[in-house]
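Novice: One letter stands for each residue in the lines below.
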Amino acid sequence: DAGITQSPRHKVTETGTPVTLRCHQTENHRYMYWYRQDPGHGLRLIHYSYGVKDTDKGEVSDGYSVSRSKTEDFLLTLESATSSQTSVYFCAISESPSAGEETQYFGPGTRLLVL
Amino acid sequence: AQSVAQPEDQVNVAEGNPLTVKCTYSVSGNPYLFWYVQYPNRGLQFLLKYITGDNLVKGSYGFEAEFNKSQTSFHLKKPSALVSDSALYFCAVRDSGKLSFGAGTTVTVRA
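Those sequence lines, one after another, are chains A and B.
At position 78 of the first sequence (counting the first as 1) the number is 78 in our numbering, and the numbers step up by one without a gap.
At position 22 of the second sequence (counting the first as 1) the number is 22 in our numbering, and the numbers step up by one without a gap.
Okay, chain B solo, but in the shape it has when bound:
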């Protein structure tokens, strides 16, 4: 069974509008959740993670993510998107000692 799901292949938003990238997970025990971003022809860059504590996690480049245990979700958010946020975003969860990645969501921010 898939440990993490990103239900949207693509997200399109206008610059200045809020951006949300969805992620749901399925693991036993306490989840350790991560978001990464990949720009064209680059490796993955770490954005933020949730281990424990506050459900709202703040990360790099103005991104934040909200952990919701009842909905088993960890959605990535940015209040005001920039054209430079256009990239491929991956959610990941620690599962059986290893990271399991979602299929990725392509974000396009139009000027």
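The shape of chain A in the complex, shown without the other chains:
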């Protein structure tokens, strides 16, 4: 999985609690992404980062925040988890895009269940 780890791999939590997922890379890639995967929707981008402390929203960013204090780590936080955030979360990395050529490489995923 291209030098990308995600933790935890599985988590069960209750509605209203905060949750933080971690993505760690050893490839020194500049760009990092968080996606969620839901049946019938493919992968949808939540947030992404284009450098340390540089982040931007994706198409489904409501209810999520991110932080990137080091090149190798990208954190995704659910401020107050809801059942609609039950999903599988994937982190991805890519080198700096050059005219749109970047290939994204994915981590193994985190399965989150919000009760």
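These are computed hints drawn from the structure, not numbers from a lab.
Just to be clear, a hint being listed does not mean it is correct.
When the alpha-carbon atoms are kept at most 20 Å apart in a straight line, the in silico SDA-like pairs for lysine to any residue are as follows [said to hold, decoys possible]:
#, chain 1, residue 1, chain 2, residue 2
1, B, K22, A, G40
2, B, K98, A, T17
3, A, K53, A, L75
4, B, K98, A, S61
5, B, K22, B, Y39
6, B, K49, A, T103
7, B, K49, A, S96
8, B, K49, A, Y31
9, B, K98, B, Y39
10, B, K22, A, P39
11, B, K98, A, R44
12, B, K49, A, S94
Add chain B to chain A, keeping to what the hints say.
Specialist: Relative to chain A, chain B alone:
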């Protein structure tokens, strides 16, 4: 509007037969197209991409894809499918600087 569409939720083929997974796209400008495969309980693995050049792109595990600009398609193909090719396949297109994924096609190859 959806940038990429995979019209088939499921594709079933017999081992040894040709496999085709369909993808159509809708973006302005030159398309950058990708195929990924996901095995159960795993992350997505990159198979191949089209940026420019030859319309037939060869990738990992014997897969190839054909870019057709007039039909705005990028279908994934394998001449002879294996049971181990059974997985979930995603087409993606670069759209507004980000990757937009199709809903995925589940491929089942029966022995």
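Novice: Against the structure, test the hints numbered earlier, and report the numbers of the ones violated in rising order.
Specialist: 2, 9
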